[in-house]
Amino acid sequence: MFNLVVEMNTQKIRKDFPVLEKGIIYMDSACVSLKPQQVVKAMNCYYNEFPACAGRSMHKLGEKVTEEVSKARKIIAKFFNAKPNEIVFTKNTTESINLVANSLGLKKGDKVITTDKEHNSNLLPWQNLAKRGIIHEIIKSNEDNTFNMDKFKEKIKGAKLVSMVHTSNLDGVTIPAEEIIKIAHEHGALVLLDAAQSVPHKEINVKKLDVDFLACSGHKMLGPSGTGILYGKYHLLEKLEPFLIGGDTVIDTTYTTAEFEKPPEKFEAGLQNYAGIIGLAEAARYLMKIGRKNISKHETELNKKITNELLKIDGIKIIGPEDPELRSGIISFNYKDADPHEIALLLDSSADIMVRSGAHCVHSWFNAHNLKGSARVSLYIYNTEEECDKLIEEINKIVEL
Amino acid sequence: MICIIALIVFSILGIFSATHRQLAKEAFDCVFRRITFRKCESGLDIRLKSRITGRLMKRSPILASKIHRHFELISWAFIILFIVSFIYVAIGGYNYYLYGNCNGPNEDGFCIFDPLGEKSKFSETQSCSAEPPNPESLTLFNVDLSLFPSYDKNAENDVVFIGCYGCPYTRKAYPAIKKLLDRKDVNFVFAHFPAKESTYFISNILNCINEADKDKFIEFNELIFTSDTISLKNEDEIFEVVEKIGLDKKEIKHCSYLERTHEITKLQMSELQKTGIYGTPTVFINGEAVVGPKPYRVYKRLLK
Ligand SMILES: Cc1ncc(COP(=O)(O)O)c(C=O)c1O
Chain A
1 MFNLVVEMNT QKIRKDFPVL EKGIIYMDSA CVSLKPQQVV KAMNCYYNEF
51 PACAGRSMHK LGEKVTEEVS KARKIIAKFF NAKPNEIVFT KNTTESINLV
101 ANSLGLKKGD KVITTDKEHN SNLLPWQNLA KRGIIHEIIK SNEDNTFNMD
151 KFKEKIKGAK LVSMVHTSNL DGVTIPAEEI IKIAHEHGAL VLLDAAQSVP
201 HKEINVKKLD VDFLACSGHK MLGPSGTGIL YGKYHLLEKL EPFLIGGDTV
251 IDTTYTTAEF EKPPEKFEAG LQNYAGIIGL AEAARYLMKI GRKNISKHET
301 ELNKKITNEL LKIDGIKIIG PEDPELRSGI ISFNYKDADP HEIALLLDSS
351 ADIMVRSGAH CVHSWFNAHN LKGSARVSLY IYNTEEECDK LIEEINKIVE
401 L
Chain B
402 MICIIALIVF SILGIFSATH RQLAKEAFDC VFRRITFRKC ESGLDIRLKS
452 RITGRLMKRS PILASKIHRH FELISWAFII LFIVSFIYVA IGGYNYYLYG
502 NCNGPNEDGF CIFDPLGEKS KFSETQSCSA EPPNPESLTL FNVDLSLFPS
552 YDKNAENDVV FIGCYGCPYT RKAYPAIKKL LDRKDVNFVF AHFPAKESTY
602 FISNILNCIN EADKDKFIEF NELIFTSDTI SLKNEDEIFE VVEKIGLDKK
652 EIKHCSYLER THEITKLQMS ELQKTGIYGT PTVFINGEAV VGPKPYRVYK
702 RLLK
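Residue numbers (the numbering used here), protein chains in the order written: chain A, 1 to 401; chain B, 402 to 705.
Note that these hints are calculated values from the structure, not bench results.
Hints may be right or wrong, so weigh each one.
[What the hints assert, rightly or not] Among the chain B residues that face chain A by a calculated CB cut under 7 Å, a handful are:
| # | residue |
| --- | --- |
| 1 | 443 |
| 2 | 444 |
| 3 | 447 |
| 4 | 448 |
| 5 | 451 |
| 6 | 456 |
| 7 | 458 |
| 8 | 460 |
| 9 | 462 |
| 10 | 466 |
[As the list claims (entries may be wrong)] In silico negatives: residues of chain B with every beta carbon more than 10 Å from chain A:
| # | residue |
| --- | --- |
| 11 | 437 |
| 12 | 479 |
| 13 | 616 |
This one's a predicted model, so the numbers in the text were calculated from it and none came from an experiment.
Beta carbons are placed, not taken as given, at the ideal position from N, Cα and C, and that holds for glycine.
Produce the complete structure using the sequences and hints provided.
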């Protein structure tokens, strides 16, 4: 019965995504999600009606932009159950993580812990700091790629920061963030969550999680590309040194000194992507309206269907745990020693099914496991059961080739 | 191996579009890596293979499966076919350069460089003959060339131009022939073969011109071959030309009606039959026959 309701919603939701009328089956939302027309419309409003500066100009248009950006910040804050001044607008997750990495004032000998499945965005900044003396430690996952809590408990002692991918874009596995954060705090460590793959798909309450920093991208949550968010507890943001500085980050300057703004403005250097920010808020509003619990449920249902059928095919290996409930909307798989790019290209050419292939920016994990990559199906609100059936049908055909 | 085909195809398409130029670059990189026993890094081979089989899967999964399985083999087959056709094209191009036709001397089969066959066409001279044209039998052996207008420069090359005033292909050949005639190292003989009956009388006039002044036939030819306005069926118009080249029109007219002149023309015709001629223009250059309006380079190549 509930399934039927979700299905009905999906059909309604699909109408908001004009690109789907082309008959494509889009299953690459972990890379970039599609955008509903509401988001595009909101962005166009900025360009058509008040294409001016926020926070600088006193005229009517300037005031309107300032007001809209401020509203957008409030909506995003509500989305995370945060305060508006804890929301910093960035370009993407990568920038958000880099901001923390470069502003936290980590010193030689400070320990940062990550998992072994980090996106390059949450690996390279620490690798870079390691060259300057920080200690970067990696928690190896369990055999089934789930989080190894025991190893974490061993390594947390003396750590300054835990920076981990919340939901992995590699296999869809979500780490037990609440427990990790609790343990980290007990040991005096801060926690930064790379939530690029969790924010679009599940409810995230930063207060309940008690997370210190959280990074995510707008383009994966129905928002415009070039938008990202860094959430940070206000007292921590206050302590952070700004990373990018210049226009908009300061109240006043002399030739030799600068008086910085308070967070979040002190981190938002230069003229901002106002249309993007307004579009991003619209995307957040859209997701809240659907209900993120419904989104998770819908994706898990579809994942179950695909996983059950895929596992029937001899030679298919799913990365991560077999249980679809543990992999949100992601199914990363290989078929025997077939090139994953070939699988993706065949799906695209034969049935307009768009999935991603390769190392998904987690090269380190694939290299450590001696794998070339995988084909990755990633689901979202607009995917349907029929699309999953079609995917399975086509994969079966490819296997037959 | 598909990359080799891709390189060729995309290189050609790349002349016209920048997207294909990029693909050609990738294909080149791929081919280069493969011949140095490395993996094609851009994945172009896999992309092409998947795109082709993927599209086929929509129509015929069985065919798609066959092609997918034997893709390397099929690619090789295409490469071999390509090389073979390339060799043929190269031979064709070579023949075209030498003989003005891809298929060899005096052949008139289809030639891609001359799709309408313009350079191999001729006006038939044996309309009643059941024998097919035979380029091999063309010869000047035993043909009395002294009967025809000539321009002897005591040179090392002998060119005999058998053409017909009223025939389109002879007219087309004329500019190249004129270039030969203008050369210092060429002795030139012109024989009018009226493939069109209505221009037979011009042979008589030509013989009279030649009798009056041995060099005047050159001027006469120039005017007749290069003018589009003269009606070749109209005697008066031809005599106008005679006047233009500075000869007495009445005298030549009178001469052209004489039995003696007709005899010479008949004799010329029977001599020309001995050449085995089947179409005009036929040009003998140092004894070698070329049929049809060829580019100058083809004629020139046969000079000593
Ligand atoms: C888990 C994870 N972290 C970080 C990123 C980087 O996001 P962006 O490219 O928007 O900075 C991605 C993008 O795929 C991701 O999946």
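Check: Checked against the structure, which of the hints given earlier come out wrong?
Finding: The structure conflicts with hints 1, 8, although it agrees with all the remaining ones.
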